Amino acid sequence: MTTTFETIEAPVVGETAAALESMLLIRAFEEKMAALKAANQAPSSCTSVGQEASAVGVVGALAKDDFILTNHRSAGHLLARGANPDRLMAEILGKATGYCKGKSGSLHISVKELGVLLTSTIVGGELSLVTGVGLSTAMSDSNAVVAVFFGDGAATEGIFHESVNLASVWDLPILYVCENNQWQAYVHRNETMRVDHVSEWASRYGIPTKTVDGNDVEAVRAAAEEAVEYIRKHRKPYFLETYTYRLRGHMEPDDQAYVDKNELASWKERDPIARAEERLLETSLFSAADIADVRERVARRIEAAAEFALSSPYPSFDELLTDVYA
Amino acid sequence: MTTTFETIEAPVVGETAAALESMLLIRAFEEKMAALKAANQAPSSCTSVGQEASAVGVVGALAKDDFILTNHRSAGHLLARGANPDRLMAEILGKATGYCKGKSGSLHISVKELGVLLTSTIVGGELSLVTGVGLSTAMSDSNAVVAVFFGDGAATEGIFHESVNLASVWDLPILYVCENNQWQAYVHRNETMRVDHVSEWASRYGIPTKTVDGNDVEAVRAAAEEAVEYIRKHRKPYFLETYTYRLRGHMEPDDQAYVDKNELASWKERDPIARAEERLLETSLFSAADIADVRERVARRIEAAAEFALSSPYPSFDELLTDVYA
Amino acid sequence: MRTITVDEAITEGLAEEMRRDPRVITFGEGVATKGYKLAQEFGSKRVRNTPLAEGIIAGTAAGAAATGLRPVIDLLFAPFLTFAMDEIVNSAGKLRYLSGGQFSFPMVTITRTGAGWGVGAQHNHNIEAWFVHTPGVKVVMPSNAADFKGLLKSAIRDDNPVMFFTDISLIYVPGEVPDGDYVVPIGKAAVKREGSDVTLISYAKTVQTCLTAADALQEQGISAEVIDLRSLKPLDEATILASVQRTGRAVVVHEAGGPCGVGAEVAAILGEKAFGSLKAPVLRITGPDVPPPASYPLEASYVPQADAVVAAVKKQFA
Amino acid sequence: MRTITVDEAITEGLAEEMRRDPRVITFGEGVATKGYKLAQEFGSKRVRNTPLAEGIIAGTAAGAAATGLRPVIDLLFAPFLTFAMDEIVNSAGKLRYLSGGQFSFPMVTITRTGAGWGVGAQHNHNIEAWFVHTPGVKVVMPSNAADFKGLLKSAIRDDNPVMFFTDISLIYVPGEVPDGDYVVPIGKAAVKREGSDVTLISYAKTVQTCLTAADALQEQGISAEVIDLRSLKPLDEATILASVQRTGRAVVVHEAGGPCGVGAEVAAILGEKAFGSLKAPVLRITGPDVPPPASYPLEASYVPQADAVVAAVKKQFA
Ligand SMILES: Cc1ncc(C[n+]2csc(CCOP(=O)(O)OP(=O)(O)O)c2C)c(N)n1
Ligand SMILES: Cc1ncc(C[n+]2csc(CCOP(=O)(O)OP(=O)(O)O)c2C)c(N)n1
Ligand SMILES: [Mg+2]
Ligand SMILES: [Mg+2]
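First to last, the protein sequences are chains A, B, C and D.
Under my numbering, the residues of the first sequence are numbered 44 to 369, in order.
Under my numbering, the residues of the second sequence are numbered 44 to 369, in order.
Under my numbering, the residues of the third sequence are numbered 229 to 546, in order.
Under my numbering, the residues of the fourth sequence are numbered 229 to 546, in order.
If you are wondering where the hints come from, they were derived from the structure by calculation, not from laboratory data.
None of these values were measured; they are calculated from a predicted model.
Idealized CB from N, CA, C, for every residue including glycine.
Hints should not be assumed to be uniformly reliable.
Straight line, CA to CA, 27 Å or less: simulated DSS-like cross-link-like pairs of lysine-lysine [to be verified]: (1) C:K507 / D:K542; (2) D:K273 / A:K279; (3) D:K273 / D:K420; (4) D:K507 / C:K542; (5) C:K262 / A:K311; (6) C:K273 / A:K304; (7) D:K507 / B:K304; (8) D:K265 / C:K543; (9) C:K420 / C:K507; (10) C:K273 / B:K276; (11) D:K542 / D:K507; (12) C:K273 / A:K80; (13) A:K253 / A:K276; (14) D:K420 / A:K276.
Covered stretches of chain A, going by a simulated chain B footprint (3 or more residues, C-beta under 8 Å) [what the hints assert, rightly or not]: (15) 203-215; (16) 237-248; (17) 269-275.
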């Protein structure tokens, strides 16, 4: 599988500045999707606003030949991996130029050329499929790691138990990344489980687990590197939980009337982007002007993507009947 | 729901002698089923030979108004609860006089009048249904406990995770009884999980858990009483694991060619019936002759059951179309 | 008569039944959040959010139904039923029978499906026919607010598991509903328009498609009768047969894919029991046998259109 | 030609394909225990026992299939498919389409069903029609050893998910199989007996029922053609239509329940495309729409009998 990254504007994470740019790109992309939906120019989508550090930190720790599985809230993972914002946005708009010819829309965007495989919007779908990708990887002579992103809600599906248990029993090279964003659509996590950390559940399968501050991109990156190193060396699963927060609603638009105002406010103070900016400014290698530059570059990129997506054609009607059977 | 117990020969557990008789009745029943199958006089069934202490100890700790859910390996639970061996055996033979009119056969025998509800042979079925029985009980003004028997194999199904988690989150009065008999049909438990005790998994849901020697009927009884007391008092779930062994094959007949001979032999030495007999003989309140008496009584009872079952009529053909809709 | 949307009709029907019978409870992912008014009126015991786990939601409903409650569960979108098939099919559908009649399962499972929101095949998959092929359950799929309310109320009062499918595209469609307490019986089709030359048989969103087609046919001098099945299991054979025996022609229309769909069943029944009356082949106009796509125009092209129905009828007259 | 049982035919077919293609692997609950000979030959990497968890077995197969392996999974009994529906239907059946063709899912799912072992509706439930109603998958259900072997080999070589249903009652039935490497193509029915007055269409155990009925009809001067569908998706419309256009009469026979079953689909196709040739109503002889019971005599009475087929045909001639 050859991996083609966007060359010009692709974020090459590995340092906080690059991570910041990647996070800003995701944020701008998601806010554009929300704005387009509000203007009735796009279908609704599930944004990852507030969770950028988890995507950027983990994906940054992966190598080009590693694989990624994701879910309905995938734009962050895809952009961090170097997906082209044009084609990503086009896909969400159901356009022929999208990564899946518009057939997926926002909910199940796979990009095989980037190693982003089998995206499923069935909560738990990614968990049921990752063991198969792990198995084929384990049976090949590749040293790849298979990372799977899923939510705290997915962890309450039975398939979570089946997946982690099988990965442990069969020694599959899987990095489980639970993005615990405190919400499961319109239900708070604490209505659905007696633990605060999904890693407490995972720790019982005989695999290493860790919960990391999911809003600290450097911490996420460090934890992910450790995890990836473990998997590459031992060819066994590792469980990493990024503890974070869904700052916008479940799916656009969402007035968040059901969200506790204090909780939301306290997490807004821990915005991963603001934190990365502060960290950079503290180093004095980075100025406010530099940040403004990055922000502007990102904004331009997203405007271009929107133009591309909006002006792209819809798939032709005969696409309705293709791609059913191999 | 009125509970009718067999009056004459029903084991009234509560002391080891009664428990012994109950275990002997189960053993004799199961061995009869195996013999009838070998003689082509009965369909095959899953016997509970070796696991009698788990059934007798737990069921003995329950009150008449408590509920029980069980699975494909149910004869022990049913007989311990006072089921009539005649009707039980008739059911396994598919006879009209069986508890389910012969429609169930051996695999899904419910006896509502004894509070044994919704028996399912889908591994995990009992776990998916018990939360509903727990919910209706919790919402009533009854103080009943709902006990659910399931195997170590059922614990590897995703529904295990969903069930225990929901029971915990909703405070349901459920006694989970995992009969860890080391086997999941033709697969040894250690091929399917990295833990030895399923209670390690259960301990992460914020509920009390315990693993008890499942071949020691007194220990099981004591543990079950403690668990039942906890549930009655707190109206919350409790997880009890009876660590035991399936001495015969999965389903009759089964040559157990795939079973490790040493493991089998070592567990045969811990036969729950032999241990209970020894314990009784040690007290010197019970003699070898007493034991012989019990064994003979039990043997007669089972012969009578077989006669009843074999001579009972099959259901009439119009039964094929009844009981589909209420 | 008042005019309310399908969504309101469902909520009203549920609320009325909860008022009427304290055994009725409702739960599902976000049910208490989205149904906060119900939660306010009936309390957090009877209106519950659940963990994100369809299997245990359905299993809990079945277990509760067998022991005295009457649960209404919301599994959101029909494809999520794939996580609840054991509980619905093997437990609720079979344990009455296998126990020799010891239990009954008064439970209603609500899901949504159909084109309209551009959400793709993992949210939009018309699988009602699976349940028609499943013993021990009933299946309804209404087309208008009055039927949604009346059938939901019937479903809640029914002592059997009822699958209640909601066509996504109808959710915000307003319609007149009768005042006061009323039910629509399960198993009764509705003749939406009388006609003498051909019978158009449908359910859910494509009932309107058939009515539109009937208008067009009228202009061409063909009088089409339109039947809304409403209940898919049990099917109202008598109404269908009476109509087709009179008209001699039938077109069955639905959005679900064709093979082994409801249209196949209706066509097979007509082919057997109305054989002598048929003047032309019974035709089926269905969604294609592909996973519904997300892209709006493609999704729209998935849905049977009135044109196609008109063309089918004209073929029958050719 | 050699004579082997269906069970042996399946094992042989699997072993031959595993020899032929190192990407073929097999796993399931007890697969390595019961298939210890396969495990010996191909090793513990390619022949695996799994935990007792159908969802992850099927999901693992789908994920592995999309990334280069060709898994054959054994889910034991058809009702256990209810725990694997998401993985088969939503993932393997839809993710090729939803991704715009990026993935394919060469995987085979084996299950057993049908009357014969007295195990009741939670082990015996003929749900093949569910998958005929499911886009993106194929479905086969053979009737004899040669077809079991040849269709399994085709299924393993197919780049799509194939549901492979094994009728329990056939497992120990011997039959002749061709020597050497051969396949039976998916999508081709077999004419088991030629005849001119009526076409009996069936699959799995009831093919033999139809042959028995054909013998009885012969004695009464009626010449029956017998077609074994073998593949249920895709259906071999051409073979069915050619036959019925000639005979003018058809009876569809299967053990699965009637509503929205394969018989409904076949009858609907005939009613549409062979309308002009039909001299009598297409009839269906199916199992009743109830959960199959365990009790042996009741279970036997669930299965369509040759008598009923003969009676149906005679009705067509009345
Ligand atoms: C099986 C299934 N059930 C329900 C849904 C509807 N749904 C979509 S996302 C979501 C919440 C998921 O929560 P979580 O796994 O925590 O991920 P998050 O959205 O928070 O990223 C729900 C309930 C679904 N897509 N699939
Ligand atoms: C969903 C499902 N999968 C597989 C089976 C076949 N099966 C019946 S019993 C059994 C083993 C169950 O093991 P466990 O839960 O440990 O119970 P035990 O038989 O040891 O009492 C299996 C695999 C089944 N009945 N249901
Ligand atoms: Mg979440
Ligand atoms: Mg076991």
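Do the hints match the structure? See the list:
Taken as a hint, the K507 (chain C) and K542 (chain D) pair is honoured in the structure, with Cα atoms around 24 Å apart against an allowance of 27 Å. For a cut-off of 27 Å, the pair hint linking K273 (chain D) to K279 (chain A) stands: about 15 Å separates their Cα positions. With a C-alpha separation of about 40 Å, the suggested pair K273 (chain D) and K420 (chain D) falls outside the 27 Å cut-off, and the hint is violated. Restraint check for K507 (chain D) and K542 (chain C): satisfied, since their Cα atoms lie roughly 24 Å apart, inside the 27 Å limit.
Between K262 (chain C) and K311 (chain A) the alpha-carbon distance is near 24 Å, which keeps this suggested pair within the 27 Å criterion. For the hint linking K273 (chain C) to K304 (chain A), the alpha-carbon distance of about 25 Å falls within 27 Å, and the restraint holds. A distance of roughly 67 Å separates the Cα atoms of K507 (chain D) and K304 (chain B); the hinted pair therefore is violated under the 27 Å criterion. Proposed proximity of K265 (chain D) and K543 (chain C) is contradicted: the alpha carbons are some 59 Å apart, above 27 Å.
Of the pairs offered as hints, the one joining K420 (chain C) and K507 (chain C) holds, with about 23 Å between alpha carbons and a cut-off of 27 Å not exceeded. For the proposed pair K273 (chain C) and K276 (chain B), the alpha carbon gap of about 20 Å is at most 27 Å, so the pair holds. Proximity of K542 (chain D) to K507 (chain D) is assessed by CA-CA distance (about 13 Å); at most 27 Å being required, the pair is judged to hold. A threshold of 27 Å between alpha carbons decides the hint, and for K273 (chain C) with K80 (chain A) the separation of about 36 Å lies outside it, so the pair is violated.
With a C-alpha separation of about 18 Å, the suggested pairing of K253 (chain A) with K276 (chain A) holds against the 27 Å cut-off. Proposed proximity of K420 (chain D) and K276 (chain A) is contradicted: the alpha carbons are some 58 Å apart, above 27 Å. For the region 203-215 of chain A, the stated coverage by chain B is satisfied: 6 residues place a CB nearer than 8 Å to a CB of that chain, which reaches the threshold of 3. For the region 237-248 of chain A, the stated coverage by chain B holds: 7 residues have a C-beta nearer than 8 Å to a C-beta of that chain, and at least 3 were required.
With 0 residues bearing a CB less than 8 Å from a CB of chain B, the region 269-275 of chain A misses the requirement of three and the coverage assertion fails.
When held up to the earlier numbered hints, the structure conflicts with 3, 7, 8, 12, 14 and 17 and fits the remainder.
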